[in-house]
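> Use these hints to put chain C onto chain F, whose structure you have.
Read top to bottom, the protein sequences are chains F and C.
Note that our numbering has the first sequence beginning at 1, numbered continuously upward.
Note that our numbering has the second sequence beginning at 1, numbered continuously upward.
Derived by calculation from the structure, the hints in this document are not laboratory data.
Everything numeric in this text was worked out from a predicted model, so none of it was measured.
Treat the hints with care, as some may be off.
If you want the ones that stay clear, here's a sample from chain C, every Cβ over 10 Å from chain F, calculated [as the list claims (entries may be wrong)]:
#: 1; residue: LEU84
#: 2; residue: PHE102
#: 3; residue: PHE121
Straight-line C-alpha distance at most 30 Å; calculated DSBU-like pairs for lysine-lysine [said to hold, decoys possible]:
#: 4; chain 1: C; residue 1: LYS275; chain 2: F; residue 2: LYS144
#: 5; chain 1: F; residue 1: LYS161; chain 2: F; residue 2: LYS149
#: 6; chain 1: C; residue 1: LYS275; chain 2: F; residue 2: LYS161
#: 7; chain 1: F; residue 1: LYS276; chain 2: F; residue 2: LYS245
#: 8; chain 1: F; residue 1: LYS33; chain 2: F; residue 2: LYS245
#: 9; chain 1: F; residue 1: LYS90; chain 2: C; residue 2: LYS117
#: 10; chain 1: C; residue 1: LYS117; chain 2: F; residue 2: LYS20
A short, non-exhaustive set of chain F residues, derived as facing chain C with CB atoms under 10 Å [as the list claims (entries may be wrong)]:
#: 11; residue: LEU83
#: 12; residue: LEU124
#: 13; residue: TYR169
#: 14; residue: ARG183
All C-beta atoms, glycine included, are put in the ideal place defined by N, C-alpha and C.
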Amino acid sequence: MAEEAKTKILCEDIWKVFGKEPQRIINNWDTYKEMDKVKRLKETGCVVGTRHATFKVELGEIYCLMGLSGSGKSTLLRCINRLHEPTHGKVFIDDMDITSLSQQDLREMRRAKTGMVFQHFALLPHRRLLRNAAFGLEVQGVDKKEREKRALDALELVGLKGWEKSYPYELSGGMQQRVGLARALATDPEILLMDEAFSALDPLIRRQMQDEFVKLIKKVKKTIIFVTHDLNEALRIAGHVAVMKDGAIVQQGTPADIVLHPETDYVAEFVQDLPKTKFITAADIMEKPDKWVLKSDDTSGVIAHKMDQRELRFAFIIDENQRVLNVVDYFRLTSGGLKTPEAPPTEEESNSNFPILAAAADTFLEGLLSEGAKSKVPIVINDSDGCVIGIIPRENLLTALASA
Amino acid sequence: MDFPFRIHIGRWAEVIVEWLLEHFEGVFDVIKAIVEFILIQIDAFFTWVPWPITIIALTFIAWRVSGRKVAVMTVVCLFLLGSLGMWTEGMSTMALVATAVFISVLFGLPVGVFSAKSPNFDAVLKPILDGMQTIPSFVYLIPAIMFFGIGNVPGILATVIFAIPPMVRLTSLGIQQVDTEVVEAGHAFGCTPWQLLLNIQLPLAVPSIMAGVNQTVMMALSMVVVAAMIGAGGLGSKILYSIQRIDLGMGIEAGLGILFIAMVLDRILQGITKKQQQALLKK
Chain F
1 MAEEAKTKIL CEDIWKVFGK EPQRIINNWD TYKEMDKVKR LKETGCVVGT
51 RHATFKVELG EIYCLMGLSG SGKSTLLRCI NRLHEPTHGK VFIDDMDITS
101 LSQQDLREMR RAKTGMVFQH FALLPHRRLL RNAAFGLEVQ GVDKKEREKR
151 ALDALELVGL KGWEKSYPYE LSGGMQQRVG LARALATDPE ILLMDEAFSA
201 LDPLIRRQMQ DEFVKLIKKV KKTIIFVTHD LNEALRIAGH VAVMKDGAIV
251 QQGTPADIVL HPETDYVAEF VQDLPKTKFI TAADIMEKPD KWVLKSDDTS
301 GVIAHKMDQR ELRFAFIIDE NQRVLNVVDY FRLTSGGLKT PEAPPTEEES
351 NSNFPILAAA ADTFLEGLLS EGAKSKVPIV INDSDGCVIG IIPRENLLTA
401 LASA
Chain C
1 MDFPFRIHIG RWAEVIVEWL LEHFEGVFDV IKAIVEFILI QIDAFFTWVP
51 WPITIIALTF IAWRVSGRKV AVMTVVCLFL LGSLGMWTEG MSTMALVATA
101 VFISVLFGLP VGVFSAKSPN FDAVLKPILD GMQTIPSFVY LIPAIMFFGI
151 GNVPGILATV IFAIPPMVRL TSLGIQQVDT EVVEAGHAFG CTPWQLLLNI
201 QLPLAVPSIM AGVNQTVMMA LSMVVVAAMI GAGGLGSKIL YSIQRIDLGM
251 GIEAGLGILF IAMVLDRILQ GITKKQQQAL LKK
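So here's chain F without its partners, still in its complex pose (with noise of 0.2 Å):
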């Protein structure tokens, strides 16, 4: 069911370093390691922006930079479109390598895969909303039918149709950068650049952009990478999440990864006043299914000494396509004796009264929790096609719970 994912963006051991002779502060890093800022400016005349950072970007996923500012995040960021060059090390796209382009060679590869959305929207404010979505299309040289055309798509796409003879100055903050969006899109790029492009949103329309974004991109399937600030917002609509601190990244993984599996004091004081009830998924908690799983033509007696041995009160019945059929209750199988032992189960004895409760694998433990009040049987988690993948307990909910 997993297709083996697809690299679209490799960074490999990025550096930047602003100032004269960086290569001094990259080759001696161990003793500069230690020096505070401000001392290793005075003493190199260098700062370094980002250094030693390693991921990388699957095709169609969207991928958090996040860190406090000064991180080095949007540094990292122009790194991989070379609007700032790096220091030392290899970006990659598709396999590409970026960093060894020509001037010219690099135009062309900004044009025709990469789009970007910048935190003060950055809009050509003497021209009118059409002209600036079409902005990436003229510089290719689009002709004018095409391009308006195709800029009226994209303005429609962000919901600003009837603005595209409008001004940006007319419009608020979030309609500016849906104009900055547009244009971005407009150029149908494969990869989108996002620098910190919500931050300079108040917090009410940053959410309900954020929610619009997270729509609008499993529309137009791109692959992005995310600058922000903002913990919650790289949570909630990231893949993957690097977490920055000093120009390095100290944390790379998916959200729940970073929730519930702080690696440095740093992520932990970070993570540490967040819901985790919205990011621990059934995944995380559920148990092989094999202890609580029976065969349908397992008879009663079999059933019943299984379920001894196991010491369970609930067993499921799956088929051979681990499709689960049927749950068990101990206690009305074997009340008043077994019936019919060499026989299976019949209907009455087998049904347990409780309705069987079924989730996904990313389903999380919030809902997971109101899913498991409903009843005492263990949920069952099916992958896309049925089968069941995972057992949750409800004590692994209440562990789970009492550990957020």
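Same frame as chain F, now just chain C:
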């Protein structure tokens, strides 16, 4: 007590100028012919248009770019200019200033752009611009006469030397001040350097460039009397004449004429600059 040595910079300058004259006479003739041609066209236009039409046209422009008050002021100023008997001289001065400004913009703009893009060039250019503005303008009248003789052309070129620095400086400043993010956006979408310049940097630098044009016009106007000393015509020559004759009446009339022209041009140009700024800076 004597100084231990004497630097003969004056003599060297003479040698250089003479050498230039000897070897590049043709070049100077061509320059002279071109400037003269431009001036004659502009001058012919200004003197050909009947005064009521000039007044109406300038008033209309003033009204459009700066509003009613400035329009009224323009009518009054231009009428006074005419009724002081200075209309023809005023128009000649306008033509001289327009020619000098035209040449200043023609060269100042690209030089300004280049200095914004090249820090090294900028470092060399700065002291030269400072020199052009601070060395008394009378000093470069002498080589101007030597290269171009006496008349309007050396007057205009001396004016250009004096008036071009703000054009260069404000163009350069305007381009450097364009929001870095917007410039980054240009790069990010794959602009060539020319596309970046024409689509982003120049349009966003327009308010600053217009301020440069405005200052250049004002400085050109302040040069008209000096330029008259080497034979430029118009109101400047009237003032020069009145100084030589100690003719207070004519001096005041011609002086007021320059004032009126300056006011009208300044307000109109300020109006344009403001409009541009409003269009760009509203966020």
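> Hint by hint, which ones does this structure get wrong, listed from lowest number up?
none
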